[in-house]
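Colleague: This is what each chain is made of:
2 protein chains.
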Amino acid sequence: MKTKRGKLSKSQRRKRPSERELIELFTRLISKNKHRPPGLVLGVGDDTAVVSGDAKRDLILTTDIQVEDIHFKRSWFSGPELGWRLAAVNLSDVAAMGGRPLYALLSLAIPPRLSPAYVKGIEKGVAAHLGRYGAAIVGGNISKTEKNLICDIMLIGSSSKNRAWRRNCRPGRDAIVVVGTLGSARAGLRLLKSRSRHAGYASLVRAFKKPQPLLEVAELLSDNPAIHGAIDVSDGFSTDVIHICERSGAGCEVNAPELPIARSLQRFCKERREDTIEWALEGGEDYALILSVAEEKAEKIAGRLQATLKKPARVVGKFTKRKGRYELLTADRRRTSFSAKGWDHFAA
Amino acid sequence: MKTKRGKLSKSQRRKRPSERELIELFTRLISKNKHRPPGLVLGVGDDTAVVSGDAKRDLILTTDIQVEDIHFKRSWFSGPELGWRLAAVNLSDVAAMGGRPLYALLSLAIPPRLSPAYVKGIEKGVAAHLGRYGAAIVGGNISKTEKNLICDIMLIGSSSKNRAWRRNCRPGRDAIVVVGTLGSARAGLRLLKSRSRHAGYASLVRAFKKPQPLLEVAELLSDNPAIHGAIDVSDGFSTDVIHICERSGAGCEVNAPELPIARSLQRFCKERREDTIEWALEGGEDYALILSVAEEKAEKIAGRLQATLKKPARVVGKFTKRKGRYELLTADRRRTSFSAKGWDHFAA
Chain A
0 MKTKRGKLSK SQRRKRPSER ELIELFTRLI SKNKHRPPGL VLGVGDDTAV
50 VSGDAKRDLI LTTDIQVEDI HFKRSWFSGP ELGWRLAAVN LSDVAAMGGR
100 PLYALLSLAI PPRLSPAYVK GIEKGVAAHL GRYGAAIVGG NISKTEKNLI
150 CDIMLIGSSS KNRAWRRNCR PGRDAIVVVG TLGSARAGLR LLKSRSRHAG
200 YASLVRAFKK PQPLLEVAEL LSDNPAIHGA IDVSDGFSTD VIHICERSGA
250 GCEVNAPELP IARSLQRFCK ERREDTIEWA LEGGEDYALI LSVAEEKAEK
300 IAGRLQATLK KPARVVGKFT KRKGRYELLT ADRRRTSFSA KGWDHFAA
Chain B
0 MKTKRGKLSK SQRRKRPSER ELIELFTRLI SKNKHRPPGL VLGVGDDTAV
50 VSGDAKRDLI LTTDIQVEDI HFKRSWFSGP ELGWRLAAVN LSDVAAMGGR
100 PLYALLSLAI PPRLSPAYVK GIEKGVAAHL GRYGAAIVGG NISKTEKNLI
150 CDIMLIGSSS KNRAWRRNCR PGRDAIVVVG TLGSARAGLR LLKSRSRHAG
200 YASLVRAFKK PQPLLEVAEL LSDNPAIHGA IDVSDGFSTD VIHICERSGA
250 GCEVNAPELP IARSLQRFCK ERREDTIEWA LEGGEDYALI LSVAEEKAEK
300 IAGRLQATLK KPARVVGKFT KRKGRYELLT ADRRRTSFSA KGWDHFAA
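Respectively, the protein sequence lines represent chains A and B.
Numbering that gives the first Met the number 0 applies: residue 0 is where the first sequence begins, and numbers increase by one.
Numbering that gives the first Met the number 0 applies: residue 0 is where the second sequence begins, and numbers increase by one.
No lab work stands behind these hints: they were computed from the structure.
Hints should not be assumed to be uniformly reliable.
Stated by the list, open to error - Once the Cα atoms are required to be at most 27 Å apart in a straight line, the calculated BS3-like pairs of lysine-lysine come out as: (1) A/160 / B/309; (2) B/296 / B/320; (3) A/119 / A/146; (4) A/192 / B/309; (5) A/160 / A/269; (6) A/146 / B/299; (7) B/309 / B/320; (8) A/55 / B/123; (9) A/160 / A/209; (10) B/209 / B/192; (11) B/192 / B/340; (12) B/209 / B/119; (13) B/296 / A/119; (14) A/55 / A/209; (15) B/72 / B/340; (16) B/160 / B/146; (17) A/160 / B/160; (18) A/340 / B/320; (19) A/146 / B/72; (20) B/320 / B/310; (21) A/146 / B/146; (22) B/320 / B/340; (23) B/160 / B/123; (24) B/192 / A/72; (25) A/119 / B/146; (26) A/55 / B/340; (27) A/146 / B/310; (28) A/55 / A/119; (29) A/320 / A/269.
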């Protein structure tokens, strides 16, 4: 559940709201829920819900529904590849809470033309990816459908008691650390959609097809008091960093040259005369992590992450007290502003 | 996950397996899972999975995916009615474990023609039904789809530590108690599908549209040592009672005249020259409960349930040591056998 609350927009009142608007509507509805069940720590509005577990841990609950021809084309994925990606999207939500994945339920709705071998492949891919982190499918459900393949994973994980990372920051006192690269998955999706030859861009296609949930970050830092919040980059850096700002009444200042951009994306943008920074800001589905880190510890923590994970981990800016002001400092020292652009699937 | 394991059948090797076969395939795949996560008490194969919670309780996890035009026609349901039913199907799984519902995640995939008001209605119906038992939606996910509306609920509940009811019985020592009526929902579905006038049969249509999960049974009996197992009747009494028998190497003997059949179903069958007992045996989706109860306590417990719930609760037979023999004693004292017929959705 990745969106802020707000009023019903004009297009929501029309008959065909966008996916983003549907999510907003849905989030608002659920959060209005009259009943507050016992043990609920954190409801709708963060990467996962949080409920009380035992004396030492909380449980974190997340779900993600992926629809053929909306989120993916089946022709792009073998069964195991699709399963791997489905797991990744949910595992990333657990990573963004500083958590550890435990149990998954897998629901599938299968169109008539789909072979049992493909179904088997999906399940294998999900199980293999979960297994990498000690988690497993413990239940699920399967049904037929008429047209699109529908895959829904519900993942339960745990976090240390009262230590789940929220979409928070301390305005004026936290740096913004990004782990992973930005924009590559969107470029990979563009390549897949254009059916152009991917020669030289295999890494971009892979960024979309096989994103890496950053659970090692959670493992390394889950009890580190310098971390004051986190979110995974599913909607795009600009949208997701603003989610953190909004939750804490903050603004932010981002140094464009620090944004972690893969060389292949730089080449991709150059060839196509696209703005690399724009791609990094608005990408989406990279499942990089944005962390709010105590300013004085940020460089050290980023360095430690980079050394341990062999992945980019950079201080890209800071959270400011200028609520609602989202500023970008460019390489030539200009100061511009950015907003939440995010993306609607397949509109990218 | 409601099916036994077995070998891949011929039709599973063909391209278009039935829903039942898909479920079998899927169950087998998941149960082969190499990774056993920490705290897993009971995996695939019962009404819910069970995992360790805290010192006093276990957590139970279930999911059910319902697909438009496979499990329901949208024209039959208002949004809140559909939401109510979605919750019922999952709540019933919790009831069958002797559990208490706590938290739900709701995933929807929405076709283009569906209005936000209908979506809102679904969420309200789910929330209202969960709220009746102190549970609530704490998260979820929404997406677009091209054709069918897809609704998936994951429900988390709790049961007393090591006391979750499984699909067990003690062969030769337990009676079979049924709470609720059998066959009505299937008749209601038939009426809805035939679009015939439902005059005089509102209760049958209601049995399909608005099933009552029997959580009061769980509440009254969850810690009663006379209860040795349970299952909810989703596939049909014959199929579901056999699930219990198979799990414990038992047979069963069922007294046909004791099967709880609503008067309206008797009238429905008489008018259509259908066999009432067959409808009760093979019905499905009634969400009645089958309990394995210590023989000497069964009549008393059934009487207490009936008095408290104002619903039929009857000793309908017993679990025997004759493994794999499923016998029916008819009103005229004939002894016949029955098998698992179950149903494929919309083949009923």
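Colleague: Could you run down the list of hints and mark each one as holding or not?
Modeller: Hint check results:
1. A/160 / B/309: It is violated: about 43 Å lies between the C-alpha atoms, which goes past 27 Å.
2. B/296 / B/320: 19 Å, holds
3. A/119 / A/146: At roughly 19 Å apart (the allowed maximum being 27 Å), residue 146 of chain A and residue 119 of chain A satisfy the hint.
4. A/192 / B/309: 60 Å, violated
5. A/160 / A/269: 47 Å, violated
6. A/146 / B/299: Since the Cα atoms of residue 146 of chain A and residue 299 of chain B sit roughly 51 Å apart, the hinted pair is violated (cutoff 27 Å).
7. B/309 / B/320: Measuring from Cα to Cα gives roughly 33 Å; hence the hint is violated.
8. A/55 / B/123: Violated. Residue 55 of chain A to residue 123 of chain B sits at ~34 Å, over the 27 Å cutoff.
9. A/160 / A/209: 31 Å, violated
10. B/209 / B/192: 16 Å, holds
11. B/192 / B/340: Judged against 27 Å, a Cα distance of about 21 Å means the pair holds.
12. B/209 / B/119: 19 Å, holds
13. B/296 / A/119: 45 Å, violated
14. A/55 / A/209: Violated: residue 55 of chain A and residue 209 of chain A sit about 33 Å apart, past 27 Å.
15. B/72 / B/340: Measuring from Cα to Cα gives roughly 24 Å; hence the hint holds.
16. B/160 / B/146: 43 Å, violated
17. A/160 / B/160: Holds. Residue 160 of chain A to residue 160 of chain B sits at ~21 Å (cutoff 27 Å).
18. A/340 / B/320: The given pair, whose Cα atoms are some 66 Å apart, is violated under the 27 Å limit.
19. A/146 / B/72: 16 Å, holds
20. B/320 / B/310: Distance of about 30 Å is beyond 27 Å: violated.
21. A/146 / B/146: 7 Å, holds
22. B/320 / B/340: Holds, at roughly 22 Å.
23. B/160 / B/123: Since the Cα atoms of residue 160 of chain B and residue 123 of chain B sit roughly 32 Å apart, the hinted pair is violated (cutoff 27 Å).
24. B/192 / A/72: 34 Å, violated
25. A/119 / B/146: Between residue 119 of chain A and residue 146 of chain B the Cα gap is close to 24 Å, so the pair holds against 27 Å.
26. A/55 / B/340: 47 Å, violated
27. A/146 / B/310: Roughly 41 Å separates the two Cα atoms, so the pair is violated.
28. A/55 / A/119: Violated: residue 55 of chain A and residue 119 of chain A sit about 37 Å apart, past 27 Å.
29. A/320 / A/269: 36 Å, violated
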